[in-house]
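Construct the complete structure from the given sequences, taking the supplied hints into account.
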Amino acid sequence: MSTYNPSDIEKKWQIYWLENKTFKTPDTKDKPKYYILDMFPYPSGSGLHVGHPEGYTATDILARFKRMKGFNVLHPIGWDAFGLPAEQYAVKTGTHPRTTTEKNIGIFREQLQMLGFSYDWDREVDTTDPDYYKWTQWIFLKLFEKGLAYESEQPVNWCPELGTVLANEEVIDGKSEVGGFPVVRRPMRQWVLKITAYAERLLEDLDDLDWPESTKEMQRNWIGKSIGAEVEFQVAGQDHSLRVFTTRPDTLFGATYMVLAPEHPLVEVLTTSDQKDQVTAYQDTASKKSDLERQELTKEKTGVFTGSYAINPVNNAEIPIWIADYVLAHYGTGAIMAVPGEDERDWEFAETFDLPIIRTVQPPGDFEGKAYTGDGPAINSGFLNGLTITDAKVKMIQWLEEQGVGEKSINYKLRDWLFSRQRYWGEPFPILHVDGKPKAVSLNDLPVTLPPVDDFQPTKTGEPPLARAKNWVETTDPETGKKALRETNTMPQWAGSCWYYLRYISPDFNGGPVDPEFEKYWMPVDLYVGGSEHSVLHLLYARFWHKVLYDCGVVSTKEPFQRLVHQGMILGEVEYTAYEKDGKIISADEAAGQKELVRLQLSDSEVEKKGDRFVMKGTEITVDSKAHKMSKSRGNVINPDDVVKSYGADSLRLYEMFMGPLEQVKPWSTKGVEGVNRFLNRTWRLLFGEHGDEIRNLSESDPDSEQLKVLHTAIKKVTEDIESMRFNTAISALMIFVNEANSWEELPSAVAKDFILLLSPFAPHIAEEIWSRMGHAQSLAYEEWPQYDEKYLRSDSVEIPVQINGKVRANIEVPSGRIHEKDFVIGLAKQQKNVQKYLDGSVIVKEISVPGRIVNLVIK
RNA sequence: GCCCGGGUGGCGGAAUUGGUAGACGCGCCGGACUCAAAAUCCGGUGGCAGCGAUGUCGUAAGGGUUCGAGUCCCUUCCCGGGUACCA
Numbered sequence: 000m001s002t003y004n005p006s007d008i009e010k011k012w013q014i015y016w017l018e019n020k021t022f023k024t025p026d027t028k029d030k031p032k033y034y035i036l037d038m039f040p041y042p043s044g045s046g047l048h049v050g051h052p053e054g055y056t057a058t059d060i061l062a063r064f065k066r067m068k069g070f071n072v073l074h075p076i077g078w079d080a081f082g083l084p085a086e087q088y089a090v091k092t093g094t095h096p097r098t099t100t101e102k103n104i105g106i107f108r109e110q111l112q113m114l115g116f117s118y119d120w121d122r123e124v125d126t127t128d129p130d131y132y133k134w135t136q137w138i139f140l141k142l143f144e145k146g147l148a149y150e151s152e153q154p155v156n157w158c159p160e161l162g163t164v165l166a167n168e169e170v171i172d173g174k175s176e177v178g179g180f181p182v183v184r185r186p187m188r189q190w191v192l193k194i195t196a197y198a199e200r201l202l203e204d205l206d207d208l209d210w211p212e213s214t215k216e217m218q219r220n221w222i223g224k225s226i227g228a229e230v231e232f233q234v235a236g237q238d239h240s241l242r243v244f245t246t247r248p249d250t251l252f253g254a255t256y257m258v259l260a261p262e263h264p265l266v267e268v269l270t271t272s273d274q275k276d277q278v279t280a281y282q283d284t285a286s287k288k289s290d291l292e293r294q295e296l297t298k299e300k301t302g303v304f305t306g307s308y309a310i311n312p313v314n315n316a317e318i319p320i321w322i323a324d325y326v327l328a329h330y331g332t333g334a335i336m337a338v339p340g341e342d343e344r345d346w347e348f349a350e351t352f353d354l355p356i357i358r359t360v361q362p363p364g365d366f367e368g369k370a371y372t373g374d375g376p377a378i379n380s381g382f383l384n385g386l387t388i389t390d391a392k393v394k395m396i397q398w399l400e401e402q403g404v405g406e407k408s409i410n411y412k413l414r415d416w417l418f419s420r421q422r423y424w425g426e427p428f429p430i431l432h433v434d435g436k437p438k439a440v441s442l443n444d445l446p447v448t449l450p451p452v453d454d455f456q457p458t459k460t461g462e463p464p465l466a467r468a469k470n471w472v473e474t475t476d477p478e479t480g481k482k483a484l485r486e487t488n489t490m491p492q493w494a495g496s497c498w499y500y501l502r503y504i505s506p507d508f509n510g511g512p513v514d515p516e517f518e519k520y521w522m523p524v525d526l527y528v529g530g531s532e533h534s535v536l537h538l539l540y541a542r543f544w545h546k547v548l549y550d551c552g553v554v555s556t557k558e559p560f561q562r563l564v565h566q567g568m569i570l571g572e573v574e575y576t577a578y579e580k581d582g583k584i585i586s587a588d589e590a591a592g593q594k595e596l597v598r599l600q601l602s603d604s605e606v607e608k609k610g611d612r613f614v615m616k617g618t619e620i621t622v623d624s625k626a627h628k629m630s631k632s633r634g635n636v637i638n639p640d641d642v643v644k645s646y647g648a649d650s651l652r653l654y655e656m657f658m659g660p661l662e663q664v665k666p667w668s669t670k671g672v673e674g675v676n677r678f679l680n681r682t683w684r685l686l687f688g689e690h691g692d693e694i695r696n697l698s699e700s701d702p703d704s705e706q707l708k709v710l711h712t713a714i715k716k717v718t719e720d721i722e723s724m725r726f727n728t729a730i731s732a733l734m735i736f737v738n739e740a741n742s743w744e745e746l747p748s749a750v751a752k753d754f755i756l757l758l759s760p761f762a763p764h765i766a767e768e769i770w771s772r773m774g775h776a777q778s779l780a781y782e783e784w785p786q787y788d789e790k791y792l793r794s795d796s797v798e799i800p801v802q803i804n805g806k807v808r809a810n811i812e813v814p815s816g817r818i819h820e821k822d823f824v825i826g827l828a829k830q831q832k833n834v835q836k837y838l839d840g841s842v843i844v845k846e847i848s849v850p851g852r853i854v855n856l857v858i859k
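Numbering-wise, numbering that gives the first Met the number 0 puts 138 at position 139 of the first sequence, and it's gapless, one number per residue.
Please keep in mind that the hints were generated in silico from the structure rather than gathered at the bench. Some hints here could point you the wrong way.
What the hints assert, rightly or not - Here are the simulated DSSO-like pairs of lysine-lysine, each with C-alpha atoms no more than 30 Å apart in a straight line:
id: 1; residue 1: Lys557; residue 2: Lys68
id: 2; residue 1: Lys821; residue 2: Lys708
id: 3; residue 1: Lys469; residue 2: Lys482
id: 4; residue 1: Lys174; residue 2: Lys412
id: 5; residue 1: Lys193; residue 2: Lys438
id: 6; residue 1: Lys28; residue 2: Lys133
id: 7; residue 1: Lys23; residue 2: Lys519
Unchecked claim - Label pairs and their in silico Cβ distance ranges:
id: 8; residue 1: Glu607; residue 2: Glu572; range: 14 to 20 Å
id: 9; residue 1: Asn220; residue 2: Asp128; range: 35 to 41 Å
id: 10; residue 1: Lys20; residue 2: Asp640; range: 22 to 28 Å
Since we're looking at a predicted model, the values are computed, not measured. The beta-carbon is built from N, C-alpha and C at its ideal position, and this holds for glycine as well.
And the structure:
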């Protein structure tokens, strides 16, 4: 047995690590700490896909590296195990979600262990474990206590197919994010969390986070802060007033009409009898529109006049009041002042219904558009005339405040978080309804556990499945002895993942969600790696809960995740697609948009590059070349199990890191896996030679200067690249080392030892195996990380390119000690034969020498 | 539409503060070993011209700054992600 055979060694080391608890997190606080977190996986029935190992390998490399660098490392994993799939399976088959969940967790755990990740398996958490969700409920009660959780009867996103409501964030284009089912609006009693109370802090504290700028920007947009003013309009001839929110108080002179959302509470009283029928009809249509329909009808502006007029406070003009669904009930005050001259939507509406338009900002002379939203001097605006937008805003707000008809105001797009779901497989709310009012279950009575039910579907009356557990629902309030009903909604899946990173710190702590002593040591999370699909939802919710816990004194940091990195998606293998129509193959450009096409998959030997397109070999017929997202329907899913079976976990880990920068989207290539597998084979042979499993000619002699240079170059590059998470180039440096070392007569064991340590975070199984065969009795997991020494990197001379007018014409060898002697270096350059050729008959106008870098002679 | 990212060989990708573009890997070509193949090893590999030294063109396109630009500035095009009547 001489060849590298991953299946022989990988299992062995996985068992070793588990049995020896090699990666158990220390309970001491004697060293600097590093908390490195992977995003909470949902243990689905289909198991791991290749996207999981990408982020997990990156964090694992860092975790292993940091341990060797002398840090206490917290690197845990657990299960975000509540959720819809297990429940839907239960509805279909009657299998309790608990059973399905436990089975899936088992599969996931095994798969993660098969990849050699260095998790502390004693800290595994599971959101569906009553000992865990006890604390989820505890946190909910904190929110309830602080008035941040309340019940509200409101129109919600009801998804009939899923039998539940969804948060706004879970509705994409009018369809459910999960499953893509239609969503309709329907009023229901719901639990809502007041995340809006934290809008400003959620926005402000983003600034100090070391997160991708795009993610921070997405959160900022989602929170959607806008600064403006509220203005009060009297209704002509009535004892009512309407408030509007505007970001452009400077344009008040241009307000020529008002628009209320169809749902605005004053619509009824403002509608005159002759407009009544039209208004009611319009309201009716608007209310029936689903979100999807609203989106489809965005082009045309619709609306109805109410018959009433408002008085513009700035010039006492009477302006008509309309209702239209382009004004949203839930934003601002649900009413706007329309300034068609400066707002594109208002302009469109004014054109449609023939309403007056007054410009209040002077557009530039060459402006040809309709509404003008740019800056310029105010016109037609009385006391504001001539001012720029910024100055006019200030002056108008001052005027409004003096007159008592308005004031500066700030609005957020962020809305409160709809927190209840009509499902079985979620955390029960620790709430009793006594005398029709919600009341917290006493902390001593937590957890409120899920009752058994005979059917996991909602009841016929549309109540959540928990309503079927009559004995559980009907209870008594232990405090008053009164009859009480338990809350039958459950929490959304986000609840458990909002604070799991805290539970890892002290998974068995009984005095609260987290042990304060260890919380202070481990928090914040130093590095959090996960997909960008969680940029808004999970990351915003978790930050919100964290801030609430901070206010409660449970945690000591304002923010949970100091540094965040998103791994890029892994696409399927590149596919070449040709199109056939009516039995004839046509060019891809021609095929675009056509129907009834037959798609033909071509292999890469059937195509060639022509210009910037691919064509079928020897023809002019263009084909599409594209890597698609992996999907079952496309049949291009790569299963990590298969890759491990064929090439081993180390090859999979190495390949996923070698593909390219972590953050980037990249296509899969099985050939690429073979490439890194070959590298591991070469590494194996470097140590064991062609035959036998004895370590080959490792010499005990001192390494020569060339060997030291090669080794220390690798140490430097690998160390720096791991620290900045450039794993692809770190692996390239390891490959260069092996390529060099393979040409040596013998390999000094001191050099081999350091190299194996460098390789170990990336390919831990093969590294441990070689390490042990080199005679070490202990795992290398806590060996000291090799240090590089600059003195071995220096060479006696440096090769410097010589340019003539910026083009390289020759290279010179300069002794390292003399690179700063400009005259010497330039003199040397001028002696070069190929340089003299150019200097002949020319005049040197400038001589540039950048020490150790370049020489450039500018000639005429 | 708006806001973020990106466009470098046949492919994935390298390239310090502006200083030899194409590291490393894949693929391809040639050679060694073999009855043969696989595996492995050695050599080559951006385009064009040339036997060659070498020359020339080349980092989406066009322009600019500079002794020198993949890198900085302006304009345009294309791809990916997010978002969408938020007043």
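Now for the hints, and whether the structure bears them out:
1. Lys557 x Lys68: holds, 28 Å
2. Lys821 x Lys708: Given that 30 Å is the threshold and the Cα spacing comes to 27 Å, the pair holds.
3. Lys469 x Lys482: holds, 13 Å
4. Lys174 x Lys412: Status holds; Cα separation ~20 Å.
5. Lys193 x Lys438: Given that 30 Å is the threshold and the Cα spacing comes to 18 Å, the pair holds.
6. Lys28 x Lys133: Holds - the C-alpha atoms of Lys133 and Lys28 are around 28 Å apart, at most 30 Å.
7. Lys23 x Lys519: holds, 19 Å
8. Glu607 x Glu572: 14 to 20 Å: holds, 18 Å
9. Asn220 x Asp128: 35 to 41 Å: Distance hint for Asn220, Asp128 holds at roughly 36 Å.
10. Lys20 x Asp640: 22 to 28 Å: holds, 26 Å
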